[in-house]
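Colleague: Since each chain comes alone in its own frame, lean on the hints to assemble the complex.
Which chain is which? The protein sequence lines are A and B, in order.
Residue numbers for the first sequence, in the numbering used here: 1 to 329.
Residue numbers for the second sequence, in the numbering used here: 1 to 339.
Chain B stretches covered by chain A per the calculated footprint, using a threshold of three residues with CB under 8 Å from any CB of chain A:
#, stretch
1, 148-157
2, 202-210
Partial pick of chain B residues on the chain A-facing surface, computed with a CB cut under 7 Å:
#, residue
3, 72
4, 75
5, 166
Pair by pair, the computed Cβ-Cβ distance ranges are:
#, chain 1, residue 1, chain 2, residue 2, range
6, A, 50, B, 59, 46 to 56 Å
7, A, 298, B, 43, 34 to 44 Å
8, A, 280, B, 94, 20 to 30 Å
9, B, 22, A, 225, 48 to 58 Å
No wet-lab data here; the hints were simulated from the structure.
As the structure is a computational prediction, the values presented were derived from the model and not from experiment.
Each residue gets a CB set at the ideal place from its N, CA and C atoms; glycine is no exception.
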Amino acid sequence: MTETPVATPARDAEAIEAAWHSVQVARHPQRPRMLDLVPLIFEDFMELHGDRAFGDDPAIVGGPALLDGRAVMLVGHQKGTDTDSNIRRNFGSPHPEGFRKAQRLMQLADKLGMPIITFLDTAGAFPGPAAEERGQAEAIASSVKLMTGLQVPIVVIVLGEGGSGGALAIGVGDVVLALENAVYSVISPEGASSILWRSRDEARTAAAAMRMTAADQVDLGIVDEVIAEPGEGAHTDPAATARTIAGALRTTLRALAARDTTDLLATRYARLRGMGAFLETGASGARAPEAPSLRHRIGRILRLQGVPRRPRWSDVWPSGDDDETEGGA
Amino acid sequence: MPIKFPFSRRAGPSDAWTKCPRCEAQVFNRQLERNLRLCPSCGHHFRMSAGERIDMLVDPGSFEERDHGLEALDPLGFVDDRPYPDRLEAARIKTGLRDALVWGIGRIEHQRVALAIFDFRFMGGSMGSVVGEKLARCFEAALIERIPAIVVSASGGARMQEGTLSLMQLAKTTAPLVRLDHAGVPFIAVLTDPTTGGVLASFASVGDVVLAEPGALIGFAGARVASDTVGEELPEGFQTAEFLLAHGLVDAVVPRGELRATLGRLLRLLPVPAADDSPSAAGEHARGPIGTLSTLAERLGGAVSESIGIDVDPGVPPARDNGDGASRGSVTSGRERRP
Numbered sequence: 001m002t003e004t005p006v007a008t009p010a011r012d013a014e015a016i017e018a019a020w021h022s023v024q025v026a027r028h029p030q031r032p033r034m035l036d037l038v039p040l041i042f043e044d045f046m047e048l049h050g051d052r053a054f055g056d057d058p059a060i061v062g063g064p065a066l067l068d069g070r071a072v073m074l075v076g077h078q079k080g081t082d083t084d085s086n087i088r089r090n091f092g093s094p095h096p097e098g099f100r101k102a103q104r105l106m107q108l109a110d111k112l113g114m115p116i117i118t119f120l121d122t123a124g125a126f127p128g129p130a131a132e133e134r135g136q137a138e139a140i141a142s143s144v145k146l147m148t149g150l151q152v153p154i155v156v157i158v159l160g161e162g163g164s165g166g167a168l169a170i171g172v173g174d175v176v177l178a179l180e181n182a183v184y185s186v187i188s189p190e191g192a193s194s195i196l197w198r199s200r201d202e203a204r205t206a207a208a209a210m211r212m213t214a215a216d217q218v219d220l221g222i223v224d225e226v227i228a229e230p231g232e233g234a235h236t237d238p239a240a241t242a243r244t245i246a247g248a249l250r251t252t253l254r255a256l257a258a259r260d261t262t263d264l265l266a267t268r269y270a271r272l273r274g275m276g277a278f279l280e281t282g283a284s285g286a287r288a289p290e291a292p293s294l295r296h297r298i299g300r301i302l303r304l305q306g307v308p309r310r311p312r313w314s315d316v317w318p319s320g321d322d323d324e325t326e327g328g329a
Numbered sequence: 001m002p003i004k005f006p007f008s009r010r011a012g013p014s015d016a017w018t019k020c021p022r023c024e025a026q027v028f029n030r031q032l033e034r035n036l037r038l039c040p041s042c043g044h045h046f047r048m049s050a051g052e053r054i055d056m057l058v059d060p061g062s063f064e065e066r067d068h069g070l071e072a073l074d075p076l077g078f079v080d081d082r083p084y085p086d087r088l089e090a091a092r093i094k095t096g097l098r099d100a101l102v103w104g105i106g107r108i109e110h111q112r113v114a115l116a117i118f119d120f121r122f123m124g125g126s127m128g129s130v131v132g133e134k135l136a137r138c139f140e141a142a143l144i145e146r147i148p149a150i151v152v153s154a155s156g157g158a159r160m161q162e163g164t165l166s167l168m169q170l171a172k173t174t175a176p177l178v179r180l181d182h183a184g185v186p187f188i189a190v191l192t193d194p195t196t197g198g199v200l201a202s203f204a205s206v207g208d209v210v211l212a213e214p215g216a217l218i219g220f221a222g223a224r225v226a227s228d229t230v231g232e233e234l235p236e237g238f239q240t241a242e243f244l245l246a247h248g249l250v251d252a253v254v255p256r257g258e259l260r261a262t263l264g265r266l267l268r269l270l271p272v273p274a275a276d277d278s279p280s281a282a283g284e285h286a287r288g289p290i291g292t293l294s295t296l297a298e299r300l301g302g303a304v305s306e307s308i309g310i311d312v313d314p315g316v317p318p319a320r321d322n323g324d325g326a327s328r329g330s331v332t333s334g335r336e337r338r339p
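Next up, chain B with everything else stripped away, as it sits in the complex (with noise of 0.2 Å):
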C-alpha cells in the first residue's frame, strides 16, 4: 500500500482514466492535465476550463481577474424541467464560478492583454446577461487601456433561460467592437471545441483576426439541425475548425501547444498605435458635411479648403500645421464625437 501523501492536491476525478473519443485510447487525467489536456497517442484537443486556459496562455501571475462578483438573474422566471436559478447554482457548485466566463487583464510574452475566457462546463458556456456584460466591459477596458482585447471562446451559443435578453447580448458585445475599430485597437478571437450559435453569430466571428483550435466544432446551427434541413448527408468534417479555414472564414487553425506563441506572435505584428496616430485620427472628419474632403483639407492644413472655397465641418478648427501640435486638439475631440 503505497504512503498517501497527507495534501494530496486534488482527490477524485484526477486519478481517473478518461477514454479520447477521437483515437479511444484510455488516457491518465493527471497525464492529460500535465499535457494542455492533448491526448498522448493522437493529439486530441479536450475540453479545457476557464482555469487551465489562463494558465496556458498568459505570463505565471500576470492575471489580475475582473469583474468577479457579477451574478445572474432570472429575469424571466424561466423553468423547464427545473427553475434556472436551480440550474445556476448546480453549475456554480459543479465548476467553482459564477457564470460562464472569466475575464480580467493579464500579460502574454510580457504584452498586456484584456483577456476573456469561456468555460464550457458552465451551462454549455452559454452567453446571458452576465457573460454580455464581462464581454462589454473587456472590450471597453481594452479601448480605455489601449491594450489588445482576446477571447477564448468555448460556447453552445445564447443562453435560451434568459430569452430575447440573451439575444441582445449579440448586439452589446459587438457595439464596443465598433469603438475599438475607430480607436485603433485590435481583437483577437480564438474558437476552441465548440463555438456555435449565438456566439459565433456575434464578437467570435468579427475578430480582426480569428484563430482556432484543431478539430473544434464551429457554426452557426447545430449540425443535426443542418443536415434535417436539406434532408441530406453532410460533407467530411462539416463545421470543423478545418472546414472553416478551407472557407476562408478563420485565419488560421494552430494547435493548443502553439497557441500562446501564436497569440505573443501576433501581438508584437500587430501593435496598438500611439494613441495620436490611431486611424481614427486620420479619418475622423471624413463624415463632414462635405464628405471626405474635409479630412483632405485637414491634413493639408486648410490649404485645399481656402483653394476650392468649401469650408470645412464648422464644428471642428481645420488644422494649420503639417497635422502635428496645433491639430492635436481637433483629432481628439473629434475621436470623441464619434463614439
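Only chain A is shown next, with the shape it has when bound in the complex (with noise of 0.2 Å):
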C-alpha cells in the first residue's frame, strides 16, 4: 500500500491527553489478563508448558481450549495479578523459551487443522543479559517466520500492551482485534521519549506521536477491529468484556474459516506484504560512475595516487561520520 494516511499534529494537547490516557489504562494493575478472560470465554482449556529445550517461561501460557465445541489453540502473553505473580511472571515479559513454547503450541495447532487465538499484553520481550545468551532476537525472529506460514487461521487480539517485537512475536495474524484501550508501538514511550527527545519526562508526547492508541492502528491498517470495553474500561467488568471479546471471536472464525488453505496464505502474505507508507518515485537504479576517460588514462600513465582504476560504488555511496543519533529500536 504506498497509500498514506492522512497525518494529523501529534502534539496536540488533546491527542496527548487521549493517547495517554490509552496507555494507563491498558497498563492498569486490575486490567483482565489473559488467564481471567479464559474462563469467560471458553469452555474448556488446558495450558501445556514448557519448550521442550530449557524451561517453561510463565510470561506466556498457551494450550488447547473449545469454543463452541470447536477445538482452538490459545496463546498469549501474561502479567501477574500482584507482586508476587508478577515476579513469578516477569510483568508479562517473555524470555526466548516463552517464544519457542509458543512455536511448540501452534505448530501443534498447524499439525491438528486447529484455529490459533493469540492474547498480547507484553510491556516488550525481557532484555536482560540471560535473554541475549538464549538467543531473544532469535526466538522472536523465529516466531514471527512460523506465524507467516501457518496453514490454520489466526486471530490475534490486543488486550493490554503490545510492546514492540516481543508482542508481534505471537502477533502475526490473518484478523487482528484490539480492545478499545489497548496499545501498540514500535518501542515503549518511555523508551523513545529517552532515545528521540533525550529526556525521561515526554513519554507521553512520545505516545501520541507514535499514535499508539487502538483507533490509531486501525488508521494505520495494523488492527483490523476494535473491540469496545464496558463502561470506563475492562477492568471495570471482566466478564462484559469476555463476552464482548467472544462475540467477536465467533465472527471472525466463522470468516475465516470459509477461507481455504491457500487463499488464506495468499490473503496473510498479502497482508503483510502491504504494511508501510512509501512512495514509489520513477528514478532509474544509481549506476556505479563511469572514470572520467582523460583523467583515467593520465592518470594512468602518470601513475598518479587517486586515480580509481575502474568505477566504484564507494564513490557513489562514500563513507563519512556515522550517525549514532537517530538508531531505531
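Modeller: Here it is in C-alpha cells:
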C-alpha cells in the first residue's frame, strides 16, 4: 500500500491526553489478563508447559481450548495480578523459551488443523543478559516466521500493551483485533522519549507521536477492528469484556473458516506485504560511475595517486561520519 | 607547496585522520579506504558505507541496483525535536542515498546473487517501510530467479518515526523467507557492526547461514538497557559477534578480508537445486488430508495408496511413473498451492 493515512499534528494537547489515557488504562493493574478472560470465553482450557529445550516461561501461557465445542489453540502473554505473581511471570515479559513454547503450541495447532487465537499483553520481550544468551532475537524472528506460514487461521487480540517485537512474536495474524484501550507500539513511550527526546519526561508526547492507540492502529491498517470496552475500561467489568471478545471471536472465526488454505495464506502474505507507506518514484537504478576517461588515462600513465582503476560504488555512496543518535528500536 | 591534481578525487574528509576506537592509533583516512576500512595496526573493523561494501563483495561491474526510486513517507506526521521529513532530507544529503538500504543483483565469484546492504549512516540504518519493502522485493527476486539472497546488516533496529508500521516490517521481511524455504533457495545473513533490535529480531537471525564480522555489536536490546534491567555488570564481550558464536547463535565470525571468499565458497557449497529437485517437490503434499502418507503414495507411484486402500489428495493427480516426467505437473501445481 502506498497510500498514506492522513497525518495529524501529534503534539496536539488533546491527542497527547487521549494517547496517555489509553496507555494508563492498558497498564491498569486490575486490567483482566488472558487467564482471567479464558474461563469466561471458552468451555475448556488446558494449559501446556515448556519449550522442550530449556524451561517453562510463565510470561507466556497457552494450550488447547474449546469454543462452542470446537477445538482452538490459545497462546498469550500473561502478566501477574499482584507483586508476587508479577515477579513469577516477569511482568509479562517473555524470555526466549516463552516464544519457543509458543512456537511448539502453534505447530501442534497447525498439525491438527486448529485455529489459533493469541492474546497480546506485554511491555516487550525481556531485555536481560540471560535472554540475550539464549537468543532472544532469534526466538522472536523464528516465531514471526513460523506464523507467516501456518496453514490454520490465526486471530490476534491485543488485550493491553502490544510492546514491540515481544508482542509481534505471537502477533502475526489473519485478523488483528484490539480492545478499545489497548495500545500497540514499536517501542515503549518511555524508551522513545529517552532516545528521541533525550529525556525521560516526554513519554506522553512520544505516546501521541507514535499513534499507539487502538483507533490509530486501525487507521494505519495494523489493527482490523476495535472491540469496545465496558464503562471506564475492561477492568470495571471483566465478564462483559469477555462476552464482547467472545462475540468478536465467533464472527471472525466463522469468516476465516470459510476460506481454503491457499486463499488464507495468500491473503495473509498480501496483508503483511502491504504493510508500510512509501513512495515509488520513477528514478532508475544508480549506476557505478564511469571513470572520466581523460583523467583515467592521464592518471594511469602518470601513475597518479587517487585515480581509480575502475568505477567504484564507494564513489557513489562513500563513507562518512556515523550517526549514532538516530538508531532504531 | 605540492602541485594539486586538478581532478582531485575528493576534497575534505578523506584527507583527515581518524582515531581507532580500539587501539587509539591515528589512521589516515585514505589508508582506511584502501584497507577495507580495517585499522592497519590492530585490525579493528570500521563501519562501511553501502558503496564500499558493494565494491568489496561483488565482481567488478556486476552490480545492478534495483528499486532505487523508493522513498519514505511520513505516515504518522512524526515530530520529535524535528520533523521526520527533515531528518530524512538531512540523511539523504549526507549519504547520497534515498533510504538506509541498497539492493540489487550482482555476482560474487561469478555466482549471481540478490544482495541487500544496509548503510548505517542513514538514520542509523533503521528499518522503516522503504527498507522493509526493498528487502521483501530482494527476497522475492531471489525466489523468482532462483538465486541465493544475501543481506549485509548494519542497523539500530526498527525506525521509531514510522511507529508500528516499522514493527510490521519484521513480519514483512520474514514472510518471503518461508517461500524461499519451500522453493529451496538459500539465504545468507551477514551481521556487521551494529546489528540490533528489530533487524536482529527478524530476517537477520533466521538466515540459513549466519555470518558475523569480528567485534561487531550484535544484540536484541541495548547493552545499557540489559545492564539496567538486571542491575549488574555484563559479562565480558557481551553482545559481540564472538559472544554470539560462543552461544551458538551465529555460524562463523569472518574477518572482513575473508568475507568475499567465504561467501563465494558458501555459494558453491550450498547450490540452489534445480527447480524440480527442490525440497518442496518431495514434501509438497505432506500436508494433504491423509498426512505424509500421500507423499509416500506419490513417491511410490500410487502403489501404496492402492495397496492400503487410501485416497491421495483428490486435488492432486497421483504420479504414475517413477517421479519423473508425468509427475512433474502435479509437483509444480503443488508448489503453487503452497505460497
